[in-house]
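Fit chains G, S and P to the given chain F structure using the hints.
Protein chains: 4
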Amino acid sequence: MKKILIAGGDMRNKYCSEKLSAVYSVKHINSDEEIESEEKFDCLVLPVPPLNENKMIPAPCSDSELEPEKIKELLKPDAIIFAGKTDDTLRNMFSGFKIFDYMDNEALSLKNAIPTAEGAVQIALEELPVTLNGSKILITGMGRIGTSLIEILKGFGADITVAVRNAKGTANARIHGVKSICTKCIQSDYDIVFNTVPDMIFNRELLCRFDKKTLFIDLASKPGGIDFAAALELGMKVIWALGLPGKTAPITSGEIIAETITEILSETEENANG
Amino acid sequence: MKKILIAGGDMRNKYCSEKLSAVYSVKHINSDEEIESEEKFDCLVLPVPPLNENKMIPAPCSDSELEPEKIKELLKPDAIIFAGKTDDTLRNMFSGFKIFDYMDNEALSLKNAIPTAEGAVQIALEELPVTLNGSKILITGMGRIGTSLIEILKGFGADITVAVRNAKGTANARIHGVKSICTKCIQSDYDIVFNTVPDMIFNRELLCRFDKKTLFIDLASKPGGIDFAAALELGMKVIWALGLPGKTAPITSGEIIAETITEILSETEENANG
Amino acid sequence: MKKILIAGGDMRNKYCSEKLSAVYSVKHINSDEEIESEEKFDCLVLPVPPLNENKMIPAPCSDSELEPEKIKELLKPDAIIFAGKTDDTLRNMFSGFKIFDYMDNEALSLKNAIPTAEGAVQIALEELPVTLNGSKILITGMGRIGTSLIEILKGFGADITVAVRNAKGTANARIHGVKSICTKCIQSDYDIVFNTVPDMIFNRELLCRFDKKTLFIDLASKPGGIDFAAALELGMKVIWALGLPGKTAPITSGEIIAETITEILSETEENANG
Amino acid sequence: MKKILIAGGDMRNKYCSEKLSAVYSVKHINSDEEIESEEKFDCLVLPVPPLNENKMIPAPCSDSELEPEKIKELLKPDAIIFAGKTDDTLRNMFSGFKIFDYMDNEALSLKNAIPTAEGAVQIALEELPVTLNGSKILITGMGRIGTSLIEILKGFGADITVAVRNAKGTANARIHGVKSICTKCIQSDYDIVFNTVPDMIFNRELLCRFDKKTLFIDLASKPGGIDFAAALELGMKVIWALGLPGKTAPITSGEIIAETITEILSETEENANG
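Residue numbers (this note's numbering), protein chains in the order written: chain F, 1 to 274; chain G, 1 to 274; chain S, 1 to 274; chain P, 1 to 274.
Pulled out of the complex, with its shape left as it was, chain F reads as follows (with noise of 0.2 Å):
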């Protein structure tokens, strides 16, 4: 049975860590003052980022944090490492060992299109003074944070349009039963926009012709797909709602981190025997 570590890290690692344990022989630790040397580990997962300002392992739960030569210390020779959002100053850290960064898998980036879509939800129910049924609703793109939003907002009977690029978009917008605009010809009457699309679509011209009770969220990683300075300058309401899994549900957060963990050590065995 493969021995794991997983060292800091908020709620999401102490559920991964939970569920890790449910198929392998698990240690979390979230102080220097945990380690017990003679143990040596097959596995580390690291939280996301995996290191602070300070290039130390963060570890809020214990309102500390962990020296990353301490913990390398414990690793076999051939330890797996995982991490979310790893950088150069990790790697150096721990060269010589296997990285992998989970936020990269594309089965994670699709199981947290969920907590994304719902914590947008949440956002929209906290920030507007009218229902979401009948509120008319732009969604910009329907990849699949775009697809997740499209779900839960029919069953809450609002009026949704979908933002697509192609005639290909148009169609998957017809088979999820919505509307569909071309991006070039969005209009600006909406209650809400949800943009998950990284690319600069609301910029300062096409703000302007909104109506300052529009309210943005914006789900796209940086550089986002509002243009931030304009609308303050416009008195336009926008959230930029990053890392919503880990916020709104550390649970479901920490688990599809397990699992996806698991996922690649099955893989990664597999390869080995076959």
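Wrong hints could be hidden among the right ones.
Calculated lysine to any residue pairs in the SDA-like style (CA-CA distance at most 25 Å, straight line) [as the list claims (entries may be wrong)]:
(1) G/K179 <-> S/T262
(2) P/K168 <-> F/M103
(3) G/K213 <-> F/D189
(4) F/K136 <-> G/D211
(5) S/K213 <-> P/K247
(6) F/K247 <-> G/D211
(7) G/K19 <-> F/S180
(8) F/K98 <-> P/N166
(9) S/K212 <-> P/N166
One-sided and incomplete, this derived list gives chain S residues near chain P with beta-carbon spacing under 8 Å [stated by the list, open to error]:
(10) M1
(11) E65
(12) N92
(13) M93
(14) Q122
The set of hints was computed from the structure by calculation and includes no laboratory data.
Quick caveat, the model's predicted, so the values are computed rather than measured.
Every residue, glycine too, gets a C-beta built ideally from N, C-alpha and C.
Frame of chain F; chains G, S and P shown alone:
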């Protein structure tokens, strides 16, 4: 054109006033200073509830309250009064006038089911550390609020069961594409329970069988359907969510009141003419 | 264990018999030859309708018919009789016995709404040269069949409007996430009209305003809601679809009858014991 | 204004012609007699497939066929040809002309997913003696047809499972609110199986495990995903449903072809101008 006076009230009354202005001559006052004695009105709209503990009309938007007697002097002798959750004190104060309790209106109750259900879902999103997608949810009752919850939660991809009383309830659940269970045979393995039935279903005995992680949201009017004292003792997580429409969707809620008043006035006129 | 005799009937009675066999001792006969006189039964289940024009019990599965008098001799004096669409002829024939018309049972009607709606959608799919996706559809009424149609047609991505009588209908349409229109203001630009209301809504005057391409499917029991004579003269495409459950889903339909009989028998026993 | 010649074809080509007429100068001919030699065309639209076994253009609406060589003489030297399911015979006949196979167009395939799924559901409604509501349904694949089926069948209240290949498939199923199972672990207790995957999934061994009552509907193009020979021997109920869009929704199908041609022509022009 009928002249309508709106006295006090929260954001709902403000939006109700705006909506009524499209059809009627409307004046909304929030303090005794705004009273101009020469005007006389055909209708008076009071808030929910119409009187506070000082027997004054609450006007929270101006941190003030209004004197009912002064308001009464502004009414024509045959004026119609609309108020929510009227009681004998109000009826005595305004004896001689025709009083409609708009909260007793069946169409208003049906319309309020949507903001109530959306508010309940918002609470669930805020409180639950897992996604609604895949969650096991129990809804008691298939009245207007239960039905509204079902429609919304289907979109989330939740695993929904409705507790029903009889074969008609079972059939109604099938029409809406969800599973049903007899109220007497309620199981206890749910992530969330939404109660919409104003009968004591979740007594101490039944609550004992539930996991502490289950979130109970009671939407039934007094006395509700959950034994709160027992739930408190048992350490259960219970939220008694009343008056959601005004809190979560004041614009929609105010517009629903305005629609209801407009319909009652139209019917009254038709009857007068017919 | 109660002994139940099923006499004649179509495929529904066959499946009803199979379902009842799980709980009761059941004998299903389809011709007079199958009668064995020594047995006496607690219950008799007759088809819908129970008698043909010869005043015999129809048994189409054996191209035969059964003599009611012979069947009567097989019953215990306190036997209960279940039949669909009973009339005075039947009640006179079996006077002295307790007779339940299962087609009058409210739970059965609710359950039959689903096979009725599915049958109606099948007709629409067969008749229409366009997809239901994107089609403009009018449904009159939000009773059980109307609601069932709405749930199904939303999945197709149809553009649904419900014709309602009052503000309660409007509110109910909103809960189900569809548009509504006042019955008096019905527009005429629909691809399909499903009528579920047993009142004459589509009279000659209204029909005249519709395009010849519109498909009318009338699901209301006699006299229906469409002026058929006028529709014929005007060259409209009208289908009067009655008895759909038995035609399109005989197994489900037979099982619904069996469930209804089981429930009535349970209640009867409870009342007898209680 | 571009001059378009539509030669032969079934109802789809008729409706394609009507739709194109809104934008172009269109002539639709169904027999050699209708040819007027003085006209020369910019585009030619041929049916699916463009040639019958006699190497003639089929024109079933006039019980006739057209001579390709005569049609060719009507084209300008730089004319563009649109045809469905083109082969070498056609390409040789019309060598020198630019030929587009509209059936290879990705947007058309996406759009055709809807009439295909609706046609498949129609078959299920016609064949099944139970309601889709409550039926256990397996769909293999979550491509465009699988997704379209899921959206429709959710509305029916069916109990849907999708067979998927990997964790991404599982995640996509969750987004759409349905259960999933690994293709290798398919169970056998389904009322209906819709296959949309063009791989041999349902081989003799797997088919053996299914009940004879299960209805198989194969929507995958040749060679399909079901071992038909084995299914026949085993007495399974299998329907291989190809070309559904043209059969069940000829107007929609013709309009989709017209839209595709319009888009290709616009892009061609833009490229020429740009």
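Do the hints match the structure? See the list:
A distance of roughly 20 Å separates the Cα atoms of G/K179 and S/T262; the hinted pair therefore holds under the 25 Å criterion. The suggested pairing of P/K168 with F/M103 holds, with an alpha-carbon distance near 14 Å, which does not exceed 25 Å. A hinted pair counts as satisfied when its Cα atoms are at most 25 Å apart, and G/K213 with F/D189 does not qualify at roughly 42 Å. At most 25 Å may separate the alpha-carbon atoms for a hinted pair to count; F/K136 and G/D211 exceed this at roughly 39 Å.
For the hint pairing S/K213 with P/K247, the CA-to-CA distance comes to about 18 Å; that is within 25 Å, so the pair holds. Restraint check for F/K247 and G/D211: satisfied, since their Cα atoms lie roughly 24 Å apart, inside the 25 Å limit. Straight-line distance between C-alpha atoms of G/K19 and F/S180 comes to about 30 Å, which puts the hinted pair past the 25 Å bound. Annotation: proposed proximity of F/K98 to P/N166 holds, straight-line Cα distance about 23 Å (limit 25 Å).
Straight-line distance between C-alpha atoms of S/K212 and P/N166 comes to about 50 Å, which puts the hinted pair past the 25 Å bound. At a threshold of 8 Å, the smallest CB-CB gap from S/M1 to chain P is about 27 Å, leaving the interface hint violated. With its C-beta approaching chain P no nearer than about 24 Å, S/E65 sits outside the 8 Å limit, and its interface hint is violated. Against a cut-off of 8 Å between C-beta atoms, the interface hint on S/N92 is violated, since the closest Cβ of chain P lies about 35 Å away.
Residue-level restraint check for S/M93 is violated (minimum Cβ-Cβ distance to chain P is 32 Å; threshold 8 Å). Interface restraint check: S/Q122 against chain P, minimum CB-CB distance 4 Å, threshold 8 Å, status holds.
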